[in-house]
Amino acid sequence: MIFMKRIYFDMKIVMVRNIFKILGSSISIFLGIFIWQFLTQNDVNFFLDFSNIPTPFHVLTSFQSVVATKKYWEDIYWSMYRIILSFSLASVVGITIGLLLGYSKIARLIIAPYVELIRPIPAIAWVPISILIWPTTEESIIFITFLGAVFPIILNCWDGVKRVPVELVKAAQSLGAGNLGVLIHVVIPYAIPNIVVGMSVGMGAAWFALLAGEMISGRYGIGYFTWESYQLIQYGNIIVGMLTIGILSSITSGLIYMIKNKFLSWAE
Amino acid sequence: MNDIGNIEIQQLSLGFKSGFDTKIIINDLSLNLKAGSFTSLIGPSGCGKSTLLNAIGGHYKPIYGSIIIDGHEVKSPSADLGIVFQQHTLFPWKTVKENVRFGPMRRGLGRVEADRLADEYIQLVGLSGFKNYYPKMLSGGMQHRVEIARALANKPAVLLMDEPFGALDAQMRASLQDSLLSIWKNTQVTIVFVTHDVNEAIHISEHIVILSRKSKSISEIIDINAIEDSSTESFMRSKKADDLRLHCIEMLSD
Ligand SMILES: Nc1ncnc2c1ncn2[C@@H]1O[C@H](COP(=O)(O)OP(=O)(O)OP(=O)(O)O)[C@@H](O)[C@H]1O
Ligand SMILES: [Mg+2]
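Note that the protein sequences, when read in sequence, are chains A and B.
Start counting the first sequence at 431; every next residue gets the next number (the working numbering).
Start counting the second sequence at 78; every next residue gets the next number (the working numbering).
For the record, the hints were derived by calculation from the structure and aren't laboratory data.
Be aware that a few hints might be false.
Distance windows between CB atoms, simulated [as the list claims (entries may be wrong)]: (1) Arg538/A x Asp255/B: 43 to 51 Å; (2) Gly676/A x Leu186/B: 47 to 55 Å; (3) Pro543/A x Ile298/B: 29 to 37 Å; (4) Asn263/B x Phe693/A: 36 to 44 Å; (5) Arg593/A x Asp255/B: 33 to 41 Å; (6) Tyr511/A x Gly96/B: 54 to 62 Å; (7) Trp503/A x Gly218/B: 58 to 66 Å; (8) Val522/A x Ser122/B: 45 to 53 Å; (9) Ile140/B x Ile548/A: 40 to 48 Å; (10) Val596/A x Ile298/B: 30 to 38 Å.
No residue lacks a Cβ here, since even glycine has one placed at the ideal position from N, Cα and C.
Using the sequences and the hints given, assemble the complete structure.
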């Protein structure tokens with residue numbers, strides 16, 4: 431009985447703590463919205479100009495009308511399609527190249543100089559060239575997004591392979607594993623935590639590149655939606671676009687986090 | 078069966094490159110270990126026991142000389158040359174069971190058969206309740222036992238063990254020594270066993286090879302079997318065993 435009481439008491443403490451946390455965060459957010467309302471309602475213009483920024487209420491009404499349009503959902507669809515396609519390509523290519531770089535001396539000799547050379551060029555700097563190279567802007571946007579994601583994945587995967595302890599390789603060889611067996615059972619599993627880190631960083635870079643690509647040369651997509659809203663003076667929609675982008679990129683990061691948990695239960 | 082696992086070491090020199098010069102660890106060592114023999118390797122810390130064992134396992138190339146097993150020169154590691162390493166080398170992403178069945182599955186055994194073998198050897202080292210644990214969740218000594226099970230489950234012709242019982246308590250050590258002896262008697266595997274413990278060497282092996290740091294080679298080979306069946310209790314308590322112990326300890330502190 432005392433034991434039960436104890437648990438009940440602990441649960442109460444945890445619940446109180448949680449309520450406290452939620453309450454605190456809510457108050458902070460409401461305060462932020464209140465300041466936003468204050469700045470925009472009074473058209474504050476003191477170095478920063480809030481006179482053209484929509485009020486929170488305005489954003490809410492913009493949001494309500496935008497969600498009802500088909501275009502908004504099409505833009506989301508296009509951005510997600512581009513992200514998923516280019517990110518998948520970047521993962522496959524990045525992991526393959528990363529493994530090759532770490533595992534094969536010849537590959538390192540041939541590929542490493544290119545990686546070192548191209549890596550410091552931000553993906554956005556590729557926009558003009560890629561528009562020139564690819565037949566349509568659609569492909570060039572996907573290419574740019576791919577470039578954004580691929581380098582963090584390559585470098586992190588390579589780094590992981592470099593760190594594989596020689597003892598583990600020796601143990602696998604003494605148990606009868608050949609080169610392929612060592613790759614599959616030792617090198618890749620060992621590098622997975624690093625690969626996942628590369629993928630998280632790569633996902634951030636992919637969104638960055640995608641939005642730049644969509645704003646500069648897109649015809650659909652949530653980045654284009656946001657930029658178009660600016661050009662059409664639909665200022666409420668700018669904020670709706672930004673918030674949507676935030677939500678979408680959280681969703682994709684969440685997916686990577688789920689993959690990580692699935693593969694890395696042994697590391698906990 | 079009886080003639081698998083004959084080890085011939087001929088004028089072997091081993092060393093590590095550091096910059097331009099090579100640090101010699103083993104110099105001009107020759108040794109013949111018959112198929113099915115059980116040999117302990119003792120010597121002061123840093124004299125090259127692990128280096129020699131790794132070279133027999135195919136992990137280090139000789140600077141000079143050769144290691145020949147059943148007429149073939151050892152050039153690379155293989156499943157026939159099983160090793161229990163001094164360091165922890167379990168695959169952290171595999172459970173105990175997955176680690177132990179790794180070798181049998183490389184040999185092309187089906188999952189069911191490999192699992193059966195794994196179960197058998199996990200039980201042998203007393204870890205049946207921990208099959209689905211990851212190495213991280215085991216103590217250091219338990220991890221060492223899994224490594225022993227993993228090497229045994231692969232049924233190698235030669236079993237190279239680098240201080241396998243070093244991290245275990247006296248009781249577990251005694252029990253695993255007995256298990257190892259009975260496996261050895263049943264399978265005729267050739268065992269090379271590195272240990273710090275003179276008593277252990279006398280108790281479980283037929284021959285003791287003492288390495289010297291000064292000469293970088295063998296200082297003495299003791300044939301215990303020529304004296305008596307050393308694995309018995311009575312021998313371990315006899316005057317002969319005492320003399321042997323003293324002699325070994327003397328040899329170690331040269
Ligand atoms: N990978 C390596 N590179 C360079 N030197 C090494 C390497 N491994 C071992 N050595 C050196 O070789 C010598 C012998 O090492 P080894 O591990 O074989 O000794 P050991 O007899 O097994 O010692 P212990 O009983 O402490 O395990 C040591 O001086 C060590 O510094
Ligand atoms: Mg050693």
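Subject >> Hint check for leucine 186/B and glycine 676/A - Cβ pair distance inside 47 to 55 Å >> reply: 52 Å, holds
Original post:
Could one say that the CB atoms of asparagine 263/B and phenylalanine 693/A fall in the range 36 to 44 Å?
Top reply: 40 Å, holds
Original post:
How does the Cβ-Cβ distance of valine 522/A and serine 122/B compare with 45 to 53 Å: does it lie in that range?
Top reply: 48 Å, holds
Subject >> Hint check for isoleucine 548/A and isoleucine 140/B - Cβ pair distance inside 40 to 48 Å >> reply: Given about 43 Å between the Cβ atoms, the range holds.
**OP:** Evaluate the given range 58 to 66 Å for the C-beta pair formed by tryptophan 503/A and glycine 218/B.
**Re:** Given range 58 to 66 Å: holds, Cβ gap about 60 Å.
Original post:
At the C-beta level, are arginine 593/A and aspartate 255/B separated by a distance inside 33 to 41 Å?
Top reply: 40 Å, holds
Original post:
Regarding tyrosine 511/A and glycine 96/B, is the given constraint of 54 to 62 Å on their beta-carbon distance met?
Top reply: Given a distance of about 55 Å, which is inside 54 to 62 Å, the answer is holds.
**OP:** For the range 30 to 38 Å, tell me whether the beta carbons of valine 596/A and isoleucine 298/B fit it or not.
**Re:** 31 Å, holds
**OP:** Given the hint of 29 to 37 Å, check if proline 543/A and isoleucine 298/B actually sit that far apart at their C-beta atoms.
**Re:** Violated - the Cβ-Cβ distance for proline 543/A and isoleucine 298/B, about 55 Å, lies outside 29 to 37 Å.
Subject >> Verdict for arginine 538/A, aspartate 255/B (Cβ pair) under range 43 to 51 Å >> reply: 50 Å, holds
Comparing the model with each earlier hint shows a violation of hint 3 alone; every other hint is respected.
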